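Chains as they are written, first to last, in full-length UniProt numbering: chain A, 1 to 186; chain B, 1 to 461; chain C, 1 to 80.
Don't read these hints as lab results, they were simulated from the structure.
Careful, some of the hints might be misleading.
[Unchecked claim] The calculated label-pair distances, taken between Cβ atoms and stated as ranges, are: (1) B:Pro253 - A:Ala115: 15 to 25 Å; (2) A:Gly134 - B:Pro84: 47 to 57 Å; (3) B:Ala183 - A:Val145: 25 to 35 Å; (4) A:Ser45 - B:Asp220: 54 to 64 Å; (5) A:Ala38 - B:Gly402: 51 to 61 Å; (6) A:Val145 - B:Val136: 32 to 42 Å; (7) A:Asp43 - B:Pro253: 48 to 58 Å; (8) B:Ile43 - A:Asp43: 28 to 38 Å; (9) A:Ala38 - B:Ala180: 31 to 41 Å; (10) B:Arg454 - C:Leu71: 47 to 57 Å; (11) B:Val106 - A:Asp43: 34 to 44 Å.
Bear in mind the structure is a predicted one, so any value in this text is a computation, not a measurement.
Ideal placement from N, C-alpha and C gives every residue a C-beta, glycine not left out.
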Amino acid sequence: MSETRVTAIDALPGEFMMWVLIMSELAVFGAGLIVFSAVRLTDLSGFADAQAQLHTVGAGVNTVVLVTSGWLAARAVGLAEKGRVRATRVSLGGAAALGVVFLWIKGAEYADKAAAGINFETHSFFTFYYLLTGFHAAHVIAGLVIFALVAWKCQPRLVETGAQFWHMVDLVWLLLFPVLYLVGRV
Amino acid sequence: MKYPTQKIAFWYFLVAMILFAVQVTVGLTMGWVYVDGNFLHDILPFNVLRMLHSNSLIVWLLLGFFGAAYYLVPEESERDIHSPKLAYLQLAIFVLGTAGVVFTYVFNLFEGNWLLGKEGREFLEQPKWVKAGIVVAALIFLYNISMTVLKGRKTAITNILLLGLWGLALLFLFAFYNPANLALDKQYWWYVVHLWVEGTWELVMASILAFLMLKLTGVDREVVEKWLYVIAALALFSGILGTGHHYYWIGTPGYWQWIGSVFSTLEVAPFFAMMAFAFVMVWKGRRDHPNKAALLWSLGCATLAFFGAGVWGFLHTLHGVNFYTHGTQITAAHGHLAFYGAYVALNLAIITYAMPLLKGREPFNQVLNMASFWLMSGGVVFMTFTLTFAGTVQTHLQRVNGEGFMDVQDQLWIFFVMRFGSGVAVVLGAILFIYAVLKPRREVIDPGPVEQARLQETPAE
Amino acid sequence: MDVTRAWVTLMALSALATALAVFGQGATWAVLAILVAAWIKARVVLRAYLGLAGAPDWSRGFSLVLGLFMLAIMGLSAFT
Chain A
1 MSETRVTAID ALPGEFMMWV LIMSELAVFG AGLIVFSAVR LTDLSGFADA
51 QAQLHTVGAG VNTVVLVTSG WLAARAVGLA EKGRVRATRV SLGGAAALGV
101 VFLWIKGAEY ADKAAAGINF ETHSFFTFYY LLTGFHAAHV IAGLVIFALV
151 AWKCQPRLVE TGAQFWHMVD LVWLLLFPVL YLVGRV
Chain B
1 MKYPTQKIAF WYFLVAMILF AVQVTVGLTM GWVYVDGNFL HDILPFNVLR
51 MLHSNSLIVW LLLGFFGAAY YLVPEESERD IHSPKLAYLQ LAIFVLGTAG
101 VVFTYVFNLF EGNWLLGKEG REFLEQPKWV KAGIVVAALI FLYNISMTVL
151 KGRKTAITNI LLLGLWGLAL LFLFAFYNPA NLALDKQYWW YVVHLWVEGT
201 WELVMASILA FLMLKLTGVD REVVEKWLYV IAALALFSGI LGTGHHYYWI
251 GTPGYWQWIG SVFSTLEVAP FFAMMAFAFV MVWKGRRDHP NKAALLWSLG
301 CATLAFFGAG VWGFLHTLHG VNFYTHGTQI TAAHGHLAFY GAYVALNLAI
351 ITYAMPLLKG REPFNQVLNM ASFWLMSGGV VFMTFTLTFA GTVQTHLQRV
401 NGEGFMDVQD QLWIFFVMRF GSGVAVVLGA ILFIYAVLKP RREVIDPGPV
451 EQARLQETPA E
Chain C
1 MDVTRAWVTL MALSALATAL AVFGQGATWA VLAILVAAWI KARVVLRAYL
51 GLAGAPDWSR GFSLVLGLFM LAIMGLSAFT
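Please construct the entire structure, taking both the sequences and the accompanying hints into account.
Written out as structure tokens, the structure reads:
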């Protein structure tokens, strides 16, 4: 009995505790998106009007940025396992740089909203928009810190754990983007 | 008992149990105030009784945690406590502070005094000098325990225990910050109240439970540690932002309603994990530990914590529901079962485990102790149901129909009578527990033939 | 699937979703198609980037929960 459980955990690739975090994060964002979608049904036109003020193109570019960043992070894991420290760091640096680009584009959108006088309380669409994208952006920032740490130590196991976190951030965005930006546009 | 300084725990447990008796007695008195309406109202008004009830609860639970730490840290770190003298000094400060608190609440001689007067913030009513004493005692404790751990073997159990205890002490500092703005006051107040019971205390609970499972079931330390880390991670992940479920109606921005609802729903997860942990460990256990009462309390703790903190918490945590149920008897139902399951039962579990060893009385069946478990737990569960029904009726009459508070209270009378009855069972159970732990010298039930044959094949520890 | 092929797949699906958003004009079928693309993308990240392809039992568990989630989102989005 005891053995099967341990092997079930061992079957998960990478650091188990990171998986616990990933599952917790997915539960939170998943719940947030479902609640958002349900609340939208109570005010379809209000949500559509609010959504029309978003920068869909910028967010679309951000999808490409983050997906490419994830690819670099995944490559870094392979390079670290081969012991190629320099190439690993270059790859991680590239992933982190794209993370900064993501934040820059996101920041530009936030600044635009602020300039237009839009905030948390403007409409319940924006409450969810700021909660979900803001929480996600906070994870991007955390990911940059994690990249710095694992690039510094540059051990394969750590690089893999850092990349796991980044892929979770990537995955969350891939689900946030269509639901927040695309669904419900008229 | 392998290390002489573990004996310190005995005195902590003893004071804890005395305060436990005080707490439930005051609780029963309050139960009668609900029935009678004016009982003791000139001598000990309800608000004073309530302060005594909640404050003595918190202090005895803390003393139990401290006792548990003094008991388990030597075994985990494989060395004696750094300074027994400091440990007894710490206990003396707590006893003095507790006496001061009771004196201040009951006689209220220093109303409004900056240093000596009670502070009037629910649960944090202690006068400033007592608060300062708590901080000094906590510092002594942390110094003592940290030094012991640092010099000895480091385990996941002591790591998580220390994380919880340090967090607990640091968060208490918010008790000193008391802004004039009532919304801000409440906001910081929850940093102590919520981040204790739904954050740091959960870490303490998980590590003590892990220690008990390690000892009682004999499962590999490696397996126990993996569970412990997962539980601690889930508790912090959900508990910290779960504070939001207290921010629905105190003047904080509206987004807290969603943060609070989502994260506090996830707060069920660590309690579910703790229940799963306890049962899986027992199923997989290779050891047949004679202290069945400690095992009963451990499983009871994990189960009732899941229902009291997890299920009954979720019951009214979504803001759409809480809008109606806030501050009704539903809250009281949740509060009683959650505190009983998570922290009372946990303390009674470690006391039940440690006391026979501290008093040199093993082997020890503790049948009386097990009887007290069923009596006390039955009482609290019955109380939880009556209060839940009372709260449901109250929510409908008061919040949906809009009837006046006192009119509704009158209509809840029958529930308060039933609650008083369940309170009697709890008090009797508590007295039986204390008697069972302190008094009988020898209480062993001879195992039957089947059990005897099994015991011979697999000798207990 | 190696990580580079996963990247190409993700980029292609993003391009498809963009096209659907532009030309679909918010029609229900376009919304659902966009969500299906997101569903596939999520599976690619889980299997290729997070390595669940090598852990079939876990992969099935994640697929099930992801599937239920996507169906819930699609159900709630079909009426917009």
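Checked hints:
1. B:Pro253 - A:Ala115: 15 to 25 Å: holds (21 Å)
2. A:Gly134 - B:Pro84: 47 to 57 Å: holds (51 Å)
3. B:Ala183 - A:Val145: 25 to 35 Å: Since B:Ala183 and A:Val145 have Cβ atoms about 33 Å apart, the given range 25 to 35 Å holds.
4. A:Ser45 - B:Asp220: 54 to 64 Å: About 60 Å separates the Cβ atoms of A:Ser45 and B:Asp220, which means 54 to 64 Å holds.
5. A:Ala38 - B:Gly402: 51 to 61 Å: Distance hint for A:Ala38, B:Gly402 is violated at roughly 28 Å.
6. A:Val145 - B:Val136: 32 to 42 Å: holds (36 Å)
7. A:Asp43 - B:Pro253: 48 to 58 Å: violated (20 Å)
8. B:Ile43 - A:Asp43: 28 to 38 Å: Between B:Ile43 and A:Asp43, where Cβ atoms are some 56 Å apart, the hint is violated.
9. A:Ala38 - B:Ala180: 31 to 41 Å: Taking Cβ atoms as reference, A:Ala38 and B:Ala180 lie about 40 Å apart, which means the hint holds.
10. B:Arg454 - C:Leu71: 47 to 57 Å: For C:Leu71 against B:Arg454, whose Cβ atoms are near 51 Å apart, the range 47 to 57 Å holds.
11. B:Val106 - A:Asp43: 34 to 44 Å: Violated, since B:Val106 and A:Asp43 (Cβ atoms, about 55 Å apart) do not stay within the stated range.
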